[in-house]
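Enquirer: Residue numbers (my numbering), protein chains in the order written: chain A, 1 to 389; chain B, 390 to 778; chain C, 779 to 1167; chain D, 1168 to 1556.
Note that these hints are calculated values from the structure, not bench results. Note that the coordinates shown come from a computational prediction; the quantities given were computed from them, not determined experimentally. Just so you know, not all the hints are guaranteed correct.
[As the list claims (entries may be wrong)] Computed cross-link-like contacts, PhoX-like style, restricted to lysine-lysine with a CA-CA straight-line distance of at most 25 Å:
| id | chain 1 | residue 1 | chain 2 | residue 2 |
| --- | --- | --- | --- | --- |
| 1 | C | 782 | D | 1212 |
| 2 | C | 823 | C | 960 |
| 3 | A | 182 | A | 2 |
| 4 | D | 1463 | C | 782 |
| 5 | C | 823 | D | 1212 |
| 6 | A | 45 | B | 685 |
| 7 | D | 1463 | B | 685 |
Number of protein chains: 4
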Amino acid sequence: MKRKLRYGMVGGGPGAFIGAVHRMAAALDGEMDLVAGVFSSNPDKSRGQGETLFLNPDRVYDSYQEMAERESALPEGDRIDFVSVVTPNHLHFEVARCFIEAGFHVICDKPLTNTLDEAESLCRLVDEHNVIFVLTHNYTGYPMVKHAREMVRAGELGTIRKIVVEYPQGWLATMQEVEGNKQAEWRTDPRRAGLSSALADIGTHAENLAGYITGLRMQELLADLAIMVEGRQLDDDGAVLIHYEGGARGILYASQISVGEENNLRIRIYGTEASLDWSQEHPNWLYHRFHERPTKILKRGNPYLHPIAGHSTRFPWGHPEAFLEAFANIYRNAGRTISARISGSDPHPYDLDFPTVQDGTRGVHFVESVVESSMRREWLDVRYQPPGE
Amino acid sequence: MKRKLRYGMVGGGPGAFIGAVHRMAAALDGEMDLVAGVFSSNPDKSRGQGETLFLNPDRVYDSYQEMAERESALPEGDRIDFVSVVTPNHLHFEVARCFIEAGFHVICDKPLTNTLDEAESLCRLVDEHNVIFVLTHNYTGYPMVKHAREMVRAGELGTIRKIVVEYPQGWLATMQEVEGNKQAEWRTDPRRAGLSSALADIGTHAENLAGYITGLRMQELLADLAIMVEGRQLDDDGAVLIHYEGGARGILYASQISVGEENNLRIRIYGTEASLDWSQEHPNWLYHRFHERPTKILKRGNPYLHPIAGHSTRFPWGHPEAFLEAFANIYRNAGRTISARISGSDPHPYDLDFPTVQDGTRGVHFVESVVESSMRREWLDVRYQPPGE
Amino acid sequence: MKRKLRYGMVGGGPGAFIGAVHRMAAALDGEMDLVAGVFSSNPDKSRGQGETLFLNPDRVYDSYQEMAERESALPEGDRIDFVSVVTPNHLHFEVARCFIEAGFHVICDKPLTNTLDEAESLCRLVDEHNVIFVLTHNYTGYPMVKHAREMVRAGELGTIRKIVVEYPQGWLATMQEVEGNKQAEWRTDPRRAGLSSALADIGTHAENLAGYITGLRMQELLADLAIMVEGRQLDDDGAVLIHYEGGARGILYASQISVGEENNLRIRIYGTEASLDWSQEHPNWLYHRFHERPTKILKRGNPYLHPIAGHSTRFPWGHPEAFLEAFANIYRNAGRTISARISGSDPHPYDLDFPTVQDGTRGVHFVESVVESSMRREWLDVRYQPPGE
Amino acid sequence: MKRKLRYGMVGGGPGAFIGAVHRMAAALDGEMDLVAGVFSSNPDKSRGQGETLFLNPDRVYDSYQEMAERESALPEGDRIDFVSVVTPNHLHFEVARCFIEAGFHVICDKPLTNTLDEAESLCRLVDEHNVIFVLTHNYTGYPMVKHAREMVRAGELGTIRKIVVEYPQGWLATMQEVEGNKQAEWRTDPRRAGLSSALADIGTHAENLAGYITGLRMQELLADLAIMVEGRQLDDDGAVLIHYEGGARGILYASQISVGEENNLRIRIYGTEASLDWSQEHPNWLYHRFHERPTKILKRGNPYLHPIAGHSTRFPWGHPEAFLEAFANIYRNAGRTISARISGSDPHPYDLDFPTVQDGTRGVHFVESVVESSMRREWLDVRYQPPGE
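Extracted from the complex, chain A is given alone in its bound form (with noise of 0.2 Å):
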């Protein structure tokens, strides 16, 4: 018999941005319960946060390693069936180890590690214990992120040319690291972000998306990483020149100096046919273009969308849905697969979709390829294929 999933969290403490918006991501569809957690570095922070979560005492743990070890030792009905980790990017690896080594499903927030190492062991692990990994680059979670590349794979947009593909954001357009912004001290600091800020935290997510929207490789690039506000360590901002395999071409840009934006994820791509383009601010709508043809403005909840895109909304065209509910379909899928595998049956086709621990590694890989044809002030060859792909 079918039944609510349990799971533990691995960060996520008092002020901790993303450890909600796991929570309530996990919390929407009614079919996963928070039953376990160590929420800080700080055993009393973390003991606050399970009580503010209404958690059962005795599973708020002092320390991840203590929690694998506790969990397991839980009867099969008690203990989590997997561990979101969303700690700062420098420890993503050693938690994410501990648990799969532990027998765990794991859902990771991103970007998966600092080092290609890393993340290439994580893929081996993910691999030897037979463990379902998941990545929350969120933003492939919106219904109309999954219409793009449905379109983009039914040939609707004929022979992809182009992509633009845009992160403007402008929150560290000054030094908020030394002005108390928790967010902005790990994020800007080389030995918890690594090698990268702008392009590891956000660059990313572009990555991913435009990789997950047209299925291209990136075969070559040239990017131009820049450290805008004096003092800071790592890149605020930079650009990367894109060709992909097969002749298009790409420009990916990420900033975190860019004034006034707020948060912009933009993707437009061209076609021989048609062009999309797609903002996350306004994530409802993707826009439908073609030479002197009407633009088409397509919407979320319509019936002439990809079945896949109906699966991954829950209120009818005209009410809204956002940047949570995007998160919640990651968690939903991941959360649906995992309920599978442990009822023995096969998941639906459209619950498979979310981001793998080899999403991640390309992610890394990405990020160094970056940063080398920066210093380099050269095109990189930068085709790969992480392990188990």
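Got chain A sorted already, so can you dock chains B, C and D onto it with the hints?
Expert: Chains B, C and D in isolation, oriented as in the chain A frame:
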């Protein structure tokens, strides 16, 4: 000690749109659990839905009367704290009365009732039994709507001169009610929908929204209802000219035959100093316009908004929120107010911001007035004060 | 052999807004020259303006009577072919009559006259003297408006059910007429503006636009005019509910106290099959909406538009046209029709597409009806046919 | 005494797009008359066009050389004051040289020439013959573009950090040049278009616009040009990464294969304090954005704009202006500057705001640099100063 609330639901069986909305809205913040329900007048369907929702079968009932009785008999630590009423309109009154008389708090879908007598009875019952009664005029849950109200209150628009509020939809442009569309069936059936279809179903949202933001009360109105689709029994389109107390003029219209419109509730408010413009389909933005000064776009999630907007927001700027979060704001406010009542504490003042039984009664009075004015083709004095206000 | 037309102007002195518009509209296509005029009731101002416009001083006159007389006396190869009347409203009648009686064709600004008697007289005079009379309801000159009309005619919307046409401005939200604003002075002065200000000045544009696109005639209406600014003598805001012949419903409103609005004429037309949405401030686009089919944006300059749209377009797609070109379309059509008359040939059928003296008379009838309905607070039968139609 | 200017035209025969634009732009303000021309290399076509334009047949010439010679021979009160050169690119140099040497002022379409040598020669000739030379980079004629420049100059954006300027079109997504599209034929023909198609034709507009508004000069760039349509000989798409002097970064792209785009020139400029966003297809609005402060929309025709915007505006707010008026601003400024030269007076400082031969030369240098960088796949130092600057 703070605890999660428990609630039951009446209505919201398989295929019902609004019941699922209520459940997601309730689930979002992890502050309340659905534990009981009667989801259909068909006991089998009700039980099936209970199972789908992972409910304890003992608490899935055959009738709302049984539910009220048996939940009342449960120990205080187990029984529901409130009930959500999400049936078709004509049942709101009986169901709500039953639970109020049993001492339960109530969250009820709109419109409140089908007759003013029923609505006024509910006002008196709520008062008599001292329960909390919340009506889900969900569009007032949007943070930018709350900010708009605060701008009006603070005088940022000067004296209000004109309100244009419109709510066009297109889904009833054909005889959906004879083509198996259940949403259409009861909404266009005088026995279940009451005196009016379009004006009751969505016109009341427009009326409530305008009243919420401006605080203005109507003095007289002239309505012009229409049945545009042959064979239909209730209005599917209507326009209302309004004179507000104090001299402002209003145009309100609601339509379900406006082909191509989805759920396009929009309000424009013009004062002596500035004007506002907000659309439900793009709810994160609020336009603030002036004479010969730059137009401003106010965006959800920003620190320049009134604190009540921040209080009603879950994600930062640029991470769009939408219909669900607005609905959840009604639930969260209602839940926290109920929790405060239970624990004998004072709710946060912002949590008291939800539509009341009096707001609902005013809406029913509006519907009756509109129908009468339209039939008489005359201006009507519509000054009114509901019981208990 | 084809030649350039010659025209004279009455009104349009220094500082007058609309006179300059007429001159630019006339100049644009190089098919007509301004050669004579009386630009002000003050002869010095008139002569100064003539000099600024590089006119022959002999043809700058002191009064319109003098101009009509002396131009008539010139040889056929010299004298003006038509006159443009761009005075304040109350002078349209006398000036137009004078030139019609002298046998000149007339292009006249709107509204036609201040009384229905005058308007009907002009209808008869035009007929009697067999001149071409063109009223500059310039908004019908937009190519996308013409395309909209052709869509309605071709049945692409099905049967029209609803028209919402609105024309909000904000510039008269304060007593501009006592602060030296000449545009405001005469428009709000009953002696010069007639019975109505807002409804006559801009409401007639809305009325004309709706009639132009849909071809529907009004059967009855109920109006609610207001004077929102204390001390003003004429309406500065008004709403009109309309029943069209055949059953369509309409909402028309015009306002000059809608702070923050500039010149926001917009029309939405809903049929049984589809709807249209056009805004004057973004005139190159026309939205075409459907039930559960993608919205289309039709864009000026494209080959998929009706040929009359192409006929009325000067630049390719993407090179936006605007107010001036629409105005110039009235002039070009008028000019070519006049040229054809002169040369005894048939004008191109598309060139005959301009507002006539009957359209203007219908507008004056509309203004009188609106004023009467508002005063009586009653629905009014407004079926009407102007002389000569 | 002030008089109307007289001008001649070279190019602009029947079917030519840009010649008609120049003529309308020149006609709009009634300050200059077209009196001479050679409209085609085919004398019959030229004469036919002259007739259509109501020109004196004596002044419709068979060659530009003949025109320069015979106009020079006319008395001062008759001969043209300046010539408009609207031929395909490869003829600009010879035609312009011919008229400059004959002492005529020149208005020339862009790009200036096909080689840097030619461009630099023109710089020297203009200086030597002391004529006024105006290049029609018409997009700088928009009032909101002028206001943007003034905002940058006044420091309202702080220090510029980033420029994103894009110019996508879609009309060359197929081999138009072999399907009888004359506009496509010469633009994609290396003998007539020079080294580049897309970057020369529209990329230079983007380059000029960014330079105009920000005043920043390029230090180095990396370009990636593409031929996306098989069989074509010149670039139809290209992206350029730019390092400006002083440290700002830029992304510039131009494309003619972006299916569904019409003429979508757009520029975003990010400074330390604020950013700007302007689109040619919606030219009356300028977005002004800030970090955590409301976005502002600045609208053409308002008194809050810099006086040079008002100087460049013909209609009040809400009466949209567009492409033509911007083009006419170049003509009006050029004409008034020429008039001032003729009369020995000083032009109004705002009238001096037009693109010069040096601006054009910088554009040609940009094109050559882009082509070279793309071929070498390397960053290129592009610091440059045209002769006479």
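Enquirer: Output the numbers, in ascending order, of every earlier hint that fails for this structure.
Expert: Hints 3, 4, 5 and 6 contradicted; others consistent.
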